[in-house]
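If you read the sequences in order, they're chains U and D. Numbering-wise, the first sequence is residues 0 to 323 according to numbering that gives the first Met the number 0. Numbering-wise, the second sequence is residues 0 to 322 according to numbering that gives the first Met the number 0.
Derived from the structure by calculation, the hints contain no laboratory data. Accuracy of the hints is not assured; some may be wrong.
[As the list claims (entries may be wrong)] Simulated pairs of lysine to any residue, SDA-like, Cα-Cα distance not exceeding 25 Å:
| id | chain 1 | residue 1 | chain 2 | residue 2 |
| --- | --- | --- | --- | --- |
| 1 | U | Lys254 | D | Leu197 |
| 2 | U | Lys94 | U | Ser83 |
| 3 | U | Lys207 | D | Pro145 |
| 4 | U | Lys275 | D | Pro145 |
| 5 | U | Lys246 | U | His215 |
| 6 | D | Lys309 | D | Asn257 |
| 7 | D | Lys146 | U | Glu277 |
| 8 | U | Lys254 | D | Gln296 |
| 9 | U | Lys94 | U | Phe124 |
| 10 | U | Lys246 | D | Glu267 |
| 11 | D | Lys127 | D | Tyr152 |
| 12 | U | Lys275 | D | Glu181 |
| 13 | U | Lys44 | D | Glu267 |
| 14 | U | Lys254 | D | Gly158 |
| 15 | D | Lys294 | D | Ser268 |
| 16 | U | Lys323 | U | Glu305 |
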Amino acid sequence: MMSLLEVKDLAKHFDLSGGWPSRLIMGRQILKAVDRISFTVPEGKVFGLVGESGCGKSTTARLITRLITATSGEVYFEGREILSLPNKAVRELRKQIQMIFQDPYASLNPRMRVVDIVGRPVRIFGGATGRRKVERVVELLELVGLNAEQLHRYPHEFSGGQRQRIGIARALAANPRLIIADEPVSSLDVSVQAQVLNLLKRLQRELKLSMVFISHDLNVVGYLADMVGVMYAGKMMEIAPVENIFKTPMHPYTKALLAANPTIASFTSYLPPSLKGEITMPVNPPVACRLEPRCPIRVEKCRSIEPLLEAKQSGHWVACHEAK
Amino acid sequence: MAPPLLDIKNLSVDFHLKRGVLTAVQDLSLSISEGETFGIVGETGCGKSVTALSILRLVPTPPARIAQGELIFEGEDLLRKTAREMEKIRGRKISMIFQEPMTSLNPSLTVGTQIGECYQVHLGHSKKVARDCTENVLAMVRLPTPKTLADRYPHELSGGMRQRVMIAMALACEPKLLIADEPTTALDVTIQAQIIELLQELQEKFKMALIFISHNLGVVARLCDRIGVMYAGSMVEQAEKKVLFTRPQHPYTIALLNAIPRPELRDESLHAIPGTVCNLFDPPPGCKFHPRCVKAQEICRAEVPRLEEKFPDSWASCHFPGA
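Please work from the sequences and hints to get the whole structure.
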């Protein structure tokens with residue numbers, strides 16, 4: 000299977016040290032938001048990234064789309080390394096990789112009409128102007144379940160779900176090969192969320208899109224993704240096909256996430272004890288497992304040796320000393 | 000049977016705004032016994048928060064007006080209380096926790112000062128006694144090092160810790176009823192699980208009743224004994240938890256349950272509810288859900304269905320209940 004996107008040892012470190020006085024007193028403060036993660040997205044598949052706030056999932060999205068620069072690592076798109084591309088070539092790249100954002104209120108310009116919001120990428124990437132542009136916009140709107148009458152409306156005239164549809168239409172305008180969706184349904188109510196999820200699933204199948212789908216909600220990821228990567232404090236903890244994540248999770252963090260995941264079946268099921276403690280930001284992290292302070296199955300070496308992501312079964316990767 | 004702790008009868012709350020009159024809560028009735036957990040679920044704008052705020056008479060009036068109804072708490076109507084009498088009830092007998100702990104804590108006062116205030120105001124404790132009680136209650140919500148924590152400011156704490164502080168504050172005077180309005184929505188799942196565990200444990204300890212408001216059916220399923228489902232200001236279904244999840248009656252409840260994504264459903268499309276919630280300024284006649292309902296008939300457009308007991312432990316307001 001050809002992989003469309005390959006992420007290798009990708010890292011992003013933020014320097015929180017501040018000016019020299021605080022640096023003198025506190026030393027250098029490096030936040031390792033994304034710390035050497037690797038994964039691949041096969042052609043036409045959905046790779047789900049889950050994790051709690053601050054685990055680095057959104058940073059990963061921004062790195063791949065080159066919205067921020069990586070500290071180290073490589074990202075291959077269609078076999079070509081893209082982190083080292085000059086800025087001019089990045090424009091060309093954006094035609095191929097498009098993003099859908101979480102907040103449909105903040106990601107649409109309130110002063111632009113739908114025809115301009117969706118029309119802009121049509122003009123820039125497709126070169127269409129005038130009537131051809133409008134025709135293409137209408138086509139895109141219909142694809143996402145909106146209609147031509149809504150062409151000249153402003154974002155505030157739409158509901159949250161409809162705005163997210165506009166965001167999707169805008170992302171599709173360039174005919175991208177890869178979509179990075181960062182929590183696209185998190186701000187929506189369940190009934191509307193279902194509409195948008197159906198739409199994403201349909202579009203993904205019809206247009207054979209490859210997708211990196213980021214969410215904190217395991218239910219949503221389980222519904223949409225083919226492969227799932229679980230992140231914690233900047234590290235990839237487990238990568239597996241979606242069935243394995245739900246049926247035979249191996250990493251203690253994945254297990255804890257599943258246990259804490261509220262489902263409607265939980266009215267009968269026994270509630271296992273939750274993970275103790277809180278997520279610590281990986282600022283100057285020691286060489287150890289990031290989950291160690293909270294882990295229920297930790298052993299001595301978890302404190303001194305960092306577990307590496309290794310294949311425990313074919314296609315099922317886990318970073319844990321004790322996982323079986 | 001003992002009378003319920005809180006009995007809400009036919010509560011309606013209107014908002015008088017420039018655009019017109021908006022009925023946020025319409026003819027809502029529910030009752031809670033001592034020690035019981037009642038969950039209210041519904042989507043954005045269904046009136047769940049307004050219901051909670053009206054119990055404590057915290058809806059801003061004007062523009063809001065409690066148009067009708069009674070709120071019988073321990074045999075007395077809260078709507079007939081004076082402002083001063085209400086002050087004695089809030090925080091003492093009925094407490095509330097809000098969604099966003101950062102905005103509901105005062106950023107310029109230490110955590111200890113804010114919690115201590117409850118003891119000083121409601122129980123008349125001296126500053127010193129209040130401080131001791133504060134440290135106790137902070138330990139009770141399982142916050143580490145309560146002594147030093149009491150001197151911290153809210154911004155120094157994480158979201159989960161802040162929510163624990165809110166819970167400590169709400170429980171300071173051992174209220175009979177705790178209203179929790181989306182207390183875990185802003186938190187991560189593992190922290191959410193911790194808070195739910197904590198609430199369950201404390202509720203058992205104090206034998207208090209809990210009204211838990213959430214948009215997440217899964218969370219409510221975990222915590223509550225009875226559940227009420229709200230849509231566009233009305234209670235459309237009210238049932239014992241197990242009954243609600245195994246034999247839902249109202250089409251809206253059924254649709255909501257079917258709209259939740261699950262990994263088992265990945266090969267089918269989800270049963271999304273068509274359309275959007277009606278405009279509350281100008282609600283459709285009859286049943287407010289009929290424009291989106293798969294079972295809608297002529298009668299649904301003409302007649303508002305009443306909340307009736309369809310079978311034991313299950314109430315629904317629908318002309319054609321059941322699957």
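Consistency of the hints with the structure:
Among the hinted pairs, U/Lys254 with D/Leu197 is consistent with the structure: their alpha-carbon atoms are about 20 Å apart, no more than 25 Å. Among the hinted pairs, U/Lys94 with U/Ser83 is consistent with the structure: their alpha-carbon atoms are about 17 Å apart, no more than 25 Å. Taking the CA atoms of U/Lys207 and D/Pro145, the gap is about 55 Å. The hint is violated against a cut of 25 Å. Between U/Lys275 and D/Pro145 the CA atoms are separated by roughly 18 Å; this keeps the pair inside 25 Å, and the hint holds.
With a C-alpha separation of about 19 Å, the suggested pairing of U/Lys246 with U/His215 holds against the 25 Å cut-off. The suggested pairing of D/Lys309 with D/Asn257 holds, with an alpha-carbon distance near 21 Å, which does not exceed 25 Å. Straight-line distance between C-alpha atoms of D/Lys146 and U/Glu277 comes to about 20 Å, which keeps the hinted pair within the 25 Å bound. Proximity of U/Lys254 to D/Gln296 is assessed by CA-CA distance (about 47 Å); at most 25 Å being required, the pair is judged violated.
As the CA atoms of U/Lys94 and U/Phe124 are separated by approximately 6 Å, the hinted pair is consistent with the 25 Å bound. A hinted pair counts as satisfied when its Cα atoms are at most 25 Å apart, and U/Lys246 with D/Glu267 qualifies at roughly 19 Å. At roughly 19 Å between alpha-carbon atoms, D/Lys127 and D/Tyr152 fall within 25 Å of each other, so this suggested pair holds. Distance hint between U/Lys275 and D/Glu181 is fulfilled; the C-alpha atoms sit about 22 Å from each other, no more than 25 Å.
Straight-line distance between C-alpha atoms of U/Lys44 and D/Glu267 comes to about 17 Å, which keeps the hinted pair within the 25 Å bound. For a cut-off of 25 Å, the pair hint linking U/Lys254 to D/Gly158 stands: about 23 Å separates their Cα positions. Between the alpha carbons of D/Lys294 and D/Ser268 the distance comes to roughly 20 Å, so the proposed pair stays at or under 25 Å and holds. At most 25 Å may separate the alpha-carbon atoms for a hinted pair to count; U/Lys323 and U/Glu305 meet this at roughly 17 Å.
The structure fails to meet hints 3, 8 from the earlier list, while all remaining hints are met.
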